[in-house]
Amino acid sequence: MNQDAELVSRIREGDSEAFAALYERYKKRLFRTALAITDDQGAAEEILQDCFLKVYHCLPRIDCSTPLGPFLHRIVVNLSYNWVVKRRPWFSSLEELIDRLVAAPQLLPEHLYERKELHRRLYEAINSLNINHRLVVILFYLQGFSLMEIAYILECPVGTVKSRLHHARKRLKGKLAEEKAALREAYDLSSL
Amino acid sequence: MHGADEFDLFLSWALDESVPDRDPSPRVWEAIEARLAQGVSSEEVRPLLWRGKARMWLGRALSSIQTALLSWRFRLDEVGVWAPEQYAPAPVMISVSAAPWPLYSLNSQIVILGFQTRSGAKI
Numbered sequence: 001m002n003q004d005a006e007l008v009s010r011i012r013e014g015d016s017e018a019f020a021a022l023y024e025r026y027k028k029r030l031f032r033t034a035l036a037i038t039d040d041q042g043a044a045e046e047i048l049q050d051c052f053l054k055v056y057h058c059l060p061r062i063d064c065s066t067p068l069g070p071f072l073h074r075i076v077v078n079l080s081y082n083w084v085v086k087r088r089p090w091f092s093s094l095e096e097l098i099d100r101l102v103a104a105p106q107l108l109p110e111h112l113y114e115r116k117e118l119h120r121r122l123y124e125a126i127n128s129l130n131i132n133h134r135l136v137v138i139l140f141y142l143q144g145f146s147l148m149e150i151a152y153i154l155e156c157p158v159g160t161v162k163s164r165l166h167h168a169r170k171r172l173k174g175k176l177a178e179e180k181a182a183l184r185e186a187y188d189l190s191s192l
Numbered sequence: 001m002h003g004a005d006e007f008d009l010f011l012s013w014a015l016d017e018s019v020p021d022r023d024p025s026p027r028v029w030e031a032i033e034a035r036l037a038q039g040v041s042s043e044e045v046r047p048l049l050w051r052g053k054a055r056m057w058l059g060r061a062l063s064s065i066q067t068a069l070l071s072w073r074f075r076l077d078e079v080g081v082w083a084p085e086q087y088a089p090a091p092v093m094i095s096v097s098a099a100p101w102p103l104y105s106l107n108s109q110i111v112i113l114g115f116q117t118r119s120g121a122k123i
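Sequences listed follow chains V and W, in order. At position 170 of the first sequence (counting the first as 1) the number is 170 in my numbering, and the numbers step up by one without a gap. At position 108 of the second sequence (counting the first as 1) the number is 108 in my numbering, and the numbers step up by one without a gap.
Each statement offered as a hint is correct.
Which stretches of chain W does chain V cover? Using the computed rule of at least three CB atoms under 8 Å from a CB of chain V, they are:
1) 6-13
2) 23-34
Part of the chain V face toward chain W, derived, beta carbon under 10 Å:
3) Ala20
4) Lys28
5) Arg120
6) Ile126
Simulated from the structure, these hints should not be mistaken for laboratory data. Cβ atoms here follow ideal geometry from the backbone N, Cα and C, with glycine treated the same way.
Go ahead and model the full structure; you've got the sequences and the hints to work with.
Right, here's the structure in full:
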C-alpha cells in the first residue's frame, strides 16, 4: 500500500493525525499552485483550506489505487479557476496599482528591483494568457505534471492539453523574447 | 522534461523563480481543524458569494414589495404567499409564488410563477 493510500485508510478509520499528515505532505505544493494561478496569498490560503475540507468530506469516494497529487490538484485548480473568473478586472487593476505604489522601488537595492521588475513582466506575460492556457502552463512548467496528469486534473482530453500548451508556449515565446535576454543578464545565466 | 528545448527550460526556471515556494500560514490548518470540529463543510459555513448576494437582494426586494402591498391590505405570510388581511378581505386574493432557483438563474429577476384569484381561478 502506498503512503497516500495508507493515510487515507487511517483517516477513514477516524485518525485525525493521519489527516494532519496528509495536509503536511501536500500543503506546500498545493499552496504554490493556487498562488501561481491566483497571484493572491489570501486567496491561495482560502483555496487550500477549502480543498482539504472537500477532501475530508469526499474521503469515501477517493480512489486509493492512484496517486493523490493529481486528485488534490484537480480540486485546487477548480477552486482557483472559480476564484479567477469571479474576480472583477477593475478590482484586479486597483490591487496592482496599490502593489506598485507600496513596493517603492527606491527602497530596494537596484539588482533586487530589477529582479522584481522582471518577475512582474513574466507574470504579466503569463497572466495575459486566457485562464485555460495559464492553467496548463502552470501545471506543466511549474509543477512538472505529465500531459496525462494535466488532462486528468483539468478533466479534458490529452489532445486539448497538447493544443493549449502549444498555443500558450507560442504566445509566451513572443512576449518573453526581450525578458529572456534581460533575465539572462540579471541572473548571470550562461546556461539559458 | 522530455524533449525540452531552451525555451521550455527557461519557462520552468522562470516560473520556479517567480512563484514563492513557501509554507502557507499556520492559520490555514487551524481554520481547517476548527471547521472539522464544528462538523460542517466549507459550503455550509460560507455560502457562495452569488448565493449570498441573491439572498440579500431577494430579501430587500420582497421587503419593498411587502411594504407597498401592506398599504393595500395585503400581507406576506411565512411561506411567501400573499394573502388578504382577515378583518378586511380584499375583493381578490392574489397568490404569488417565487421559486428560488429560477430567481437565481434568471439573474435575480423576480419570476412570478402564477396568480390565483380568490375564487380559485388561476391566471
